[in-house]
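Asker: Here is how the chains run, residue by residue.
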Amino acid sequence: MSLETDVRALESELEDADHTRRRQRSSLWTELGDWLRQPGALLAAPPMLLLALGFLGPLLLVAAFSLIPPKTFDLGGAWTIRNYVDIVTESYWISFAWSFALATVTVILLMLICYPLAYAMTKVFGRAANILTLLLVIPLFVSENIRLFGWVLSLVKGGVLPGAAELWLGLDISGLLYTVPAIVLGLVYVYLPFMLFPMVLGLSMVPDRLREAAVDLGASRWQLFREIELPLAMPGILIGCLLTFILALGSLAESKILGGSAIVMIADDIESAFTFAQNWPKGAALSVLLIVLAGGLVFAVLSRLDLDKILGRG
Amino acid sequence: MGALTTSPLMKRLLAVWIGAILVFLYLPMAAIALASFSRQRYFRFPVPRFDTRWYEDAFTSLSVRDLLWTSLTVAAIVTVISVVLAFLGALAFARYDWKGRTIYQKLLLLPIFFPQAVLGLALLLWYSALGIPTSWMTAVFAHLVWILPIATLVISIQVYGFNPAWEEAAYDLGATRWQVFREVTLPVLWPGIFSGALFSFLLSWGNFPLSLYTTGADSTIPEWLYAKMVSGYTPLVPTLGTLTTVGAALLLLGAYATIMLVRRARRAEDGG
Chain A
47 MSLETDVRAL ESELEDADHT RRRQRSSLWT ELGDWLRQPG ALLAAPPMLL LALGFLGPLL
107 LVAAFSLIPP KTFDLGGAWT IRNYVDIVTE SYWISFAWSF ALATVTVILL MLICYPLAYA
167 MTKVFGRAAN ILTLLLVIPL FVSENIRLFG WVLSLVKGGV LPGAAELWLG LDISGLLYTV
227 PAIVLGLVYV YLPFMLFPMV LGLSMVPDRL REAAVDLGAS RWQLFREIEL PLAMPGILIG
287 CLLTFILALG SLAESKILGG SAIVMIADDI ESAFTFAQNW PKGAALSVLL IVLAGGLVFA
347 VLSRLDLDKI LGRG
Chain B
4 MGALTTSPLM KRLLAVWIGA ILVFLYLPMA AIALASFSRQ RYFRFPVPRF DTRWYEDAFT
64 SLSVRDLLWT SLTVAAIVTV ISVVLAFLGA LAFARYDWKG RTIYQKLLLL PIFFPQAVLG
124 LALLLWYSAL GIPTSWMTAV FAHLVWILPI ATLVISIQVY GFNPAWEEAA YDLGATRWQV
184 FREVTLPVLW PGIFSGALFS FLLSWGNFPL SLYTTGADST IPEWLYAKMV SGYTPLVPTL
244 GTLTTVGAAL LLLGAYATIM LVRRARRAED GG
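These protein sequence lines are chains A and B, in that order.
When you line the first sequence up against the numbering used here, it's residues 47 to 360, in that order.
When you line the second sequence up against the numbering used here, it's residues 4 to 275, in that order.
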């Protein structure tokens, strides 16, 4: 095994030396040509082109729009940071704060809810986990607003839960809908699979033999969790947290459908700037702020992870 | 070994936890189904009288037929394009070692980690700046931006398990490039491609935030449902909601059964 890795290291070193020698001789263009001739680069080109046109382009345009005077639609004029100044001086920090707070609460709740479930799916129930996975996946494919509307019907005065509580328990719980807890419920509900499945991936990376060894050496259940399972499953858990945090941060439908007008989240502000207010530059500046905050987080976490290890050799 | 087995009490607790989560996940869908069979225009629980009249309305309504058609067209086209591109993208993601691969892997995943509503608005801005009128076709493109990375990820997981030596062996035995692709690569990667297609179709079918800003005058089912939820409730909302839910579930179960059957057939072939 170690001999094999040594040989491989030597080979790649020789290859690198070869590359450097060639690079010294060749111009930039032939280098680009060489790079493109790699089968991987060639295959990656079509998807990357699509994302350049459909993701990078729009984002750059949004960034450009955030720098033109408020309520204008012309990119040719003078550039200004007025929109950012406006955002800081007006009360937009409130919706940013609500979004961050609700996203944080959602992530914490989801970690607590999903860990036992992911543990059961990977380590306890074996074959039955397949059916369970299917049952947990199905809701993901039903439009999010239909499912949220199901919660409206469940929580609304005279709906399923208040109706049942009154009928069987004689309780009046009709004030559930259009509150902050209802929004959190919606966020937890919609993003549960996005925490669960990365966590399952992470936990399935914990080898059973290692757990057995730890137990044989006298580790308690808590030690097993704290020192074996949690650290080894961490990449998956991190991806789950990141995914749910970002999605909750930019969520729109939950606060609109379940929250009524209880609070305004940042995506709400962005949407109304673009639509009702017809103030594209301000909407663009708000988007840029959200993207920078979220994107910084994504890069910080993703750069620490080795995707090959998580997805391939788990 | 024995020390690792979960105690019966623990197992029961976990089973209860799973049951509670399943109830949590399916309660709102049950509520929608209940509302769709309720005779009254406005939902109350317990439901006083059941009826199927809203389904008759839904099946005879012309606007519902239009919505279905738009949603189906968008989802079908998204599926075809995303599977072809994701197949290439997955080979680059997991099969070949090349300079720039780790950066590519991370760039490709960015759209998944991006608030969809903001992406939809950014695309709306983009289309209007380029002078492209929005219709269901621009929605196809918008869906692809979000769905292609997911499909690539799904197929990549299959590609990781693929051994390049199989292809090389086929070349050594004198197979042409096309034969290798058709007889070795494709059959081995088939389950991944199939799940990639399924994910693409269903995620496009159910997508709301991207469709909302990019379909222009056309409308998909989730969009229409949202408009009705916000402006004026009609019992067609739970009815269509139930129909799309049942449709998605049937498609998934059918796909699951197909995979199982194909696996069994292959195993029988290998045995005989």
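The set of hints was computed from the structure by calculation and includes no laboratory data.
Just so you know, not all the hints are guaranteed correct.
[Claimed, not checked] Simulated pairs of lysine to aspartate or glutamate, DMTMM-like, Cα-Cα distance not exceeding 20 Å:
1) 102(B) to 314(A)
2) 102(B) to 258(A)
3) 231(B) to 314(A)
4) 355(A) to 69(B)
5) 14(B) to 258(A)
6) 102(B) to 218(A)
7) 203(A) to 218(A)
8) 169(A) to 254(A)
9) 102(B) to 352(A)
10) 109(B) to 254(A)
Asker: Measure nothing beyond the straight line between the CA atoms of residue 102(B) and residue 258(A); if it is 20 Å or shorter, mark the hint as holding.
Answerer: violated, 39 Å
Asker: For the pair we were handed, residue 14(B) and residue 258(A), check the Cα-Cα distance against 20 Å.
Answerer: holds, 18 Å
Asker: Straight-line Cα separation of residue 109(B) and residue 254(A) no greater than 20 Å?
Answerer: violated, 30 Å
Asker: Tell me if the straight-line CA distance from residue 169(A) to residue 254(A) falls inside 20 Å.
Answerer: Status holds; Cα separation ~8 Å.
Asker: Check whether the Cα positions of residue 102(B) and residue 218(A) lie no farther apart than 20 Å.
Answerer: violated, 64 Å
Asker: Take the C-alpha atoms of residue 231(B) and residue 314(A), compute the straight-line distance between them, and say whether it is at most 20 Å.
Answerer: OK: residue 231(B) and residue 314(A) at ~19 Å, within 20 Å.
Asker: Would the pair residue 102(B) and residue 314(A) pass a check requiring their Cα atoms to be no farther apart than 20 Å?
Answerer: violated, 41 Å
Asker: Taking only the CA atoms, is the gap from residue 102(B) to residue 352(A) under or equal to 20 Å?
Answerer: holds, 16 Å
Asker: Does the structure keep residue 355(A) and residue 69(B) at a Cα separation of 20 Å or less?
Answerer: violated, 46 Å
Asker: Given the hinted pair residue 203(A) and residue 218(A), is their Cα-Cα distance within 20 Å?
Answerer: Holds, at roughly 9 Å.
In this structure, the hints that do not hold are numbers 1, 2, 4, 6, 10, in rising order.
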